[in-house]
Amino acid sequence: MIEAAAFRQDEPLRRPLRAAALVLVALAAAILVAWAMGNAWWLSFLARVAITATAALSLSCLIGQAGLVSFGHAAQVGLGAYVALIAGEYGIADLTLLAPLAFVVVALWSAVTAALALRTRGVYFIMLTLAFAQMAYFIMQSLSRFGGDDGMALARRATLFGAPVLKTDLGLALAALALLAAALIGFVWMTETRYGLVLRAAKENESRALASGFRVFRFQLYAYALAGGVAALAGVLLANQAEFVSPSYMNWHRSGELIVMVVLGGATSLPGAVIGAAVVLIIEEALGHWTEFWKLGLGLVIVAAVLLRGADLSALFGRARR
Amino acid sequence: MSEAILSLRDLDKSFGALRVTRKVTLDVAPGEVHALIGPNGAGKTTLISQIAGSLKPDSGRVIFAGEDVTHLDAPSRAQRGLARVFQISNVVDSFTVLANVVLSALATETTAWWGWGVAMKDPGLRERAFYALDQVGLVERAPDQAADLSYGERRALELAMGLVQNPRLFLLDEPMAGTGREESRRLTELLRTLKGRTPMLLIEHDMSTVFALADRVTVLVDGAVAITGAPDVVRADRIVREAYLGEGEP
Amino acid sequence: MNASLLALQALNGLQYGMILFLVAAGLTLVFGVMDFINLAHGVQFTLGAYLTASFVARFDNFALGLAAGLAAALALGVLLEIAVFRILTRRSHLEQVLGTFGVILVVTDALRLVYGPAPRSLRMPEALSGAIPLMDGLMYPLWRLAIIAAGLVVALALWLLVAKTRVGMLVRAGSTDRETVSALGVDIERLFVLVFVFGALLAAFAGAMAGPLLSIEPTMGDNVLILAFVVIVIGGIGSIRGAFVAALLIGLVDTLGRAFATDVLKLVLSNATASAAGPAIASMLIYVLMALVLVARPAGLFGGNGPS
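Chains as they are written, first to last, in our numbering: chain A, 1 to 322; chain B, 1 to 250; chain C, 1 to 308.
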């Protein structure tokens with residue numbers, strides 16, 4: 001009787017996965033072209049796009065899927081970078097050890113801070129995430145053994161099973177692309193699992209989720225920890241690219257820029273966060289090319305985008321917002 | 001009467017100086033439809049919130065299926081079989097009708113929240129969801145967005161979300177509010193078919209519904225229980241007529 | 001660590017707290033009444049300092065320069081209100097965060113463009129540039145005392161305004177029940193503008209007062225802004241009283257922490273460890289304080305209607 005009910009089979013994953021594949025293929029193609037042309041600047045720029053996009057993506061998971069507006073996500077990236085730096089000082093520079101270490105350390109930090117921040121809602125939550133990010137910033141700033149305010153050079157670039165895969169620009173770009181691909185497909189998939197369904201329901205209607213029997217707090221805590229861990233992996237790659245780590249990675253302006261990327265790409269679209277990250281970095285580079293006051297231009301773009309409600313680039317690409 | 005499915009003992013709750021629940025003691029028997037009526041501001045929804053666990057009483061106890069749940073939160077009580085239908089429809093608007101029911105079905109599968117599979121393609125969950133939708137007559141609407149439903153359909157969806165959890169008690173906060181006459185009739189019919197299977201605590205303003213469905217009626221006035229009894233007894237009670245049915249002394 | 005040093009640092013903390021209060025008062029009112037997160041509130045602080053500095057240099061008179069600087073900062077604030085904030089007040093918190101963040105970027109770089117990247121200084125008025133003996137072995141700068149006095153006067157005036165006047169009544173009502181206030185026939189938009197202008201003025205005033213103590217640069221508002229947010233979150237959003245108490249608390253804890261954390265730690269730890277950990281702990285102190293307050297009271301110390 002039930003099976004007889006005519007009902008179109010919904011394919012919830014097809015569209016976002018196709019968008020994700022499109023974004024990833026485009027980035028991969030750009031990396032290969034830059035490599036074939038031997039353009040080191042482009043190659044390293046594209047690696048930066050992939051790394052930043054991974055960070056933005058993890059924040060997009062929080063904002064767009066879980067409804068948790070974190071204003072301190074750059075701290076998670078920065079802490080990941082610091083794990084790479086400090087572990088490197090103690091001779092740990094192989095990704096087999098370094099990556100899980102960074103993930104776990106930062107996921108734990110995220111979980112502990114989220115356990116406090118999630119007691120509040122709305123603006124209080126936003127401000128608490130900012131405050132915890134500032135706390136992390138000042139802790140790192142005061143670690144004079146690891147460069148203090150000035151920052152410190154990385155001991156050496158990380159290896160994978162002893163192989164120096166991050167040594168060349170191409171290797172780094174490909175590693176960044178691989179991380180981005182894993183994160184993007186993973187997050188898109190996650191939104192359609194049972195866990196993702198509850199997370200999205202709680203974002204839109206928390207009292208419903210509670211009344212149905214879901215402990216929303218836990219679901220959100222896990223999301224926050226997971227996003228922090230992924231951001232930390234991006235931080236490890238960032239540290240390797242710059243071969244340098246400083247507290248400025250955790251500056252609250254960077255957290256603000258990550259939010260800009262997420263929202264410009266369409267807050268509820270995960271592939272959109274990647275596009276948003278690319279667009280913001282391109283604007284920065286393009287403006288920075290002919291004026292040192294590029295933040296003025298970026299700021300105007302942001303204000304205009306918000307005021308004109310055009311704050312959704314993915315619409316331009318003809319993609320529905322899921 | 002066998003042991004009650006829900007027992008309230010001396011529940012008390014104040015907001016500041018305002019005492020909204022006064023020493024409420026109440027039993028809902030297994031299989032019973034128990035109506036809760038009273039004038040506006042009598043504290044009916046506040047009482048439901050304390051039963052559901054979204055509000056903590058200042059004192060008193062809530063015993064559900066023989067277990068003291070006074071100190072459990074709302075999710076824990078829902079998992080023990082308390083299903084609540086809100087006064088103002090409370091569904092996830094951006095989800096499809098089916099997704100709303102699947103979501104609700106998930107909540108009672110406590111061991112299986114962490115699957116890797118795509119939730120909406122899970123055959124077991126779908127089957128349960130469709131079964132519940134069929135009971136409330138919403139199968140046709142399954143692929144539509146919840147936001148597009150009519151008022152009455154939303155109430156029916158909420159009932160389906162409760163039904164899919166196989167609740168041991170339904171808390172219904174004015175299920176007929178805002179529905180048209182036809183929808184109201186259908187909902188009453190639906191509740192009648194559920195009667196005897198799932199006990200209900202029903203808040204309702206529409207007296208014809210109350211007297212058609214309820215086995216017993218409790219009248220709440222100023223946060224306190226004025227009387228509990230069979231519908232006919234309550235209808236005949238002088239205090240009730242004065243306080244609630246609006247028939248003061250001539 | 002002796003008594004006069006402790007008194008000195010306590011006064012510094014008080015002075016710092018007053019600056020924070022002046023910034024936080026506007027922020028908490030704007031948020032409480034309009035439900036508007038204004039990250040760009042710190043911009044008013046920076047504008048106040050820059051504009052006052054440049055007018056004081058031009059007129060060679062502090063009072064005149066202050067008046068002109070505040071007027072100019074206010075004009076720019078009103079311009080921003082009309083062009084940007086008015087639209088943002090009707091948007092989601094996320095869009096407000098984003099839009100006002102954009103404003104920060106614009107104003108910060110615009111200031112760099114106009115005034116150059118080099119820090120500027122603001123000369124304090126001759127009459128208040130000295131120091132007076134407060135107790136044995138403690139000379140205290142007059143200017144800092146002036147800041148404390150100004151903060152107290154503003155706090156008192158604000159309290160009278162909010163508690164005793166019709167406008168204050170509307171502000172209090174507006175923050176809890178917008179519909180009722182509209183129903184009373186009050187133009188809520190005008191009330192918003194009034195509150196916003198008032199808050200912007202206080203922040204600009206704070207910038208001008210703090211100017212002589214700081215090096216004036218485009219990002220000077222950032223730190224103050226974040227601390228002001230810490231203040232209003234601890235105090236409870238919308239509460240002037242909460243902002244006052246929390247501002248003084250933050251000012252004292254931060255200043256005393258930075259001054260004495262290392263010394264206190266040396267009582268229990270080795271010198272080297274204490275010297276390493278002291279500054280870190282001192283700079284974390286206020287954030288730890290905020291976390292503790294919010295764990296105990298999620299809506300802040302004086303937050304009546306907590307987050308739902």
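Among the clues, some could well be false.
Claimed, not checked - Computed beta-carbon distance windows for the label pairs:
hint, chain 1, residue 1, chain 2, residue 2, range
1, C, Met169, A, Ala286, 24 to 34 Å
2, C, Arg90, B, Glu67, 41 to 51 Å
3, B, Glu189, A, Ala178, 57 to 67 Å
4, C, His93, A, Gly186, 36 to 46 Å
5, B, Glu67, C, Arg86, 48 to 58 Å
6, C, Arg58, A, Ala286, 49 to 59 Å
7, C, Pro117, B, Asp144, 35 to 45 Å
8, A, Ala40, B, Glu127, 30 to 40 Å
9, C, Gly168, B, Asp58, 54 to 64 Å
10, B, Ala224, C, Met169, 52 to 62 Å
11, B, Ala147, C, Ala83, 27 to 37 Å
As the list claims (entries may be wrong) - Stretches of chain A that chain C covers, calculated by requiring three or more beta carbons in the stretch to come under 8 Å of a beta carbon on chain C:
hint, segment
12, 63 to 74
13, 115 to 124
14, 129 to 139
15, 142 to 148
16, 259 to 270
17, 294 to 300
Keep in mind that the hints were calculated from the coordinates and are not lab data.
Note that CB positions come from ideal geometry on N, CA and C, so glycine has one too.
Hints, verified against the model:
| no. | hint | in the structure |
| --- | --- | --- |
| 1 | C:Met169 <-> A:Ala286: 24 to 34 Å | violated, 52 Å |
| 2 | C:Arg90 <-> B:Glu67: 41 to 51 Å | holds, 48 Å |
| 3 | B:Glu189 <-> A:Ala178: 57 to 67 Å | holds, 59 Å |
| 4 | C:His93 <-> A:Gly186: 36 to 46 Å | violated, 28 Å |
| 5 | B:Glu67 <-> C:Arg86: 48 to 58 Å | holds, 55 Å |
| 6 | C:Arg58 <-> A:Ala286: 49 to 59 Å | violated, 38 Å |
| 7 | C:Pro117 <-> B:Asp144: 35 to 45 Å | violated, 58 Å |
| 8 | A:Ala40 <-> B:Glu127: 30 to 40 Å | violated, 58 Å |
| 9 | C:Gly168 <-> B:Asp58: 54 to 64 Å | violated, 34 Å |
| 10 | B:Ala224 <-> C:Met169: 52 to 62 Å | violated, 36 Å |
| 11 | B:Ala147 <-> C:Ala83: 27 to 37 Å | holds, 34 Å |
| 12 | 63 to 74 | holds (count 3) |
| 13 | 115 to 124 | holds (count 7) |
| 14 | 129 to 139 | holds (count 7) |
| 15 | 142 to 148 | holds (count 4) |
| 16 | 259 to 270 | holds (count 4) |
| 17 | 294 to 300 | holds (count 6) |
The structure is inconsistent with the numbered hints 1, 4, 6, 7, 8, 9, 10, although it conforms to all the rest.
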